[in-house]
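Mapping the sequence shown onto our numbering, position 53 (from 1) lands on 53, and the numbers just tick up by one.
Any given hint could turn out to be false.
No more than 30 Å apart at the CA atoms, straight line, and that leaves these computed lysine-lysine pairs for DSBU-like [to be verified]:
no.	residue 1	residue 2
1	Lys63	Lys74
2	Lys98	Lys63
3	Lys98	Lys74
FYI, nobody ran anything at the bench for these hints, they're computed from the structure.
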Amino acid sequence: MEFISVLWNYILPFLVLFTLLVFVHEMGHYSVARRNGVRVEVFSIGFGPELFGRDDRWGTRWKFCAIPLGGYVKMYGDADAVSRPGRETAALTPEQRKVSFYHKSVGQRAAIVFAGPAVNYLFAVLVLALLFMTAGQRHTPAVVGAVVPGGAAERAGLRTGDTVVRFAGRTIDRFEDAERIALLHPGDPLRIVVRRDNAERALLLTPEPRTVRDRHGNAETFG
Numbered sequence: 001m002e003f004i005s006v007l008w009n010y011i012l013p014f015l016v017l018f019t020l021l022v023f024v025h026e027m028g029h030y031s032v033a034r035r036n037g038v039r040v041e042v043f044s045i046g047f048g049p050e051l052f053g054r055d056d057r058w059g060t061r062w063k064f065c066a067i068p069l070g071g072y073v074k075m076y077g078d079a080d081a082v083s084r085p086g087r088e089t090a091a092l093t094p095e096q097r098k099v100s101f102y103h104k105s106v107g108q109r110a111a112i113v114f115a116g117p118a119v120n121y122l123f124a125v126l127v128l129a130l131l132f133m134t135a136g137q138r139h140t141p142a143v144v145g146a147v148v149p150g151g152a153a154e155r156a157g158l159r160t161g162d163t164v165v166r167f168a169g170r171t172i173d174r175f176e177d178a179e180r181i182a183l184l185h186p187g188d189p190l191r192i193v194v195r196r197d198n199a200e201r202a203l204l205l206t207p208e209p210r211t212v213r214d215r216h217g218n219a220e221t222f223g
C-alpha cells in the first residue's frame, strides 16, 4: 500500500509534469527547425523501445518510448538522438542539403538550439501568469484579529481591530508583510504605527523569539 501511495502521489505526478516540460522543450526545437526548412525525422517523448507512434504528412515520426525520462528531436542528417552529424552528411545531394540541419547557417542552427530552453522559459512565465490570474496571491488585510493575553501584542498595547499602517519604518499593505518583519527581528523592539478610531498611534512591539527544530535537531530562532 505504501508503494502504491508513493507511486500515485509522487512518481506519477512527477512523470506527467516532466513529460509536459519535455514536450514543450522539444516542441520549441521542432517548430523553429520546421520554420527554417529543416526536415524533422523523429519527435520522441522518452527513450528506448517505442511503445506507440505515428507518421505525419511531413515525414516526422511522433512516438512515445518506454523510458519516460526525457525526449529528443532527430533532424535530417543527425546520426543519433544527440544531434551528431552522420558520416553520410558530406555526401548529401543539393536537395537533401536544403533540409539538413548541418547545412543551415550558423544563425539558423543557433536559433533551433536556443528555441528549446527559450520556450521552456516562456511557458513558465505563462503558467505563473495564469496562476496569479486564477488563484491570485494570498492577501490578508493588516488588521489585528485577536490579541493573545500576556503576549507581545498585548504588552505593546495593540487591540483587536487595529489596522497596522507602518512597522519598523515600512509601509504595511497586508498582514503577511508585518508577519515577515516580525520573523526577521525576534527580540528587537520595533516601532509599529496602527490606525485606531480614525487616528494613528505609535507603539513599541518586541516580537517574541520562537525556536523551531527540524527533524535533524537543528534549531533556528524566529520572531
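Hint check:
no. : hint          : verdict
1   : Lys63 - Lys74 : holds, 12 Å
2   : Lys98 - Lys63 : holds, 25 Å
3   : Lys98 - Lys74 : holds, 16 Å
In summary, the structure agrees with every hint in the numbered list given earlier.
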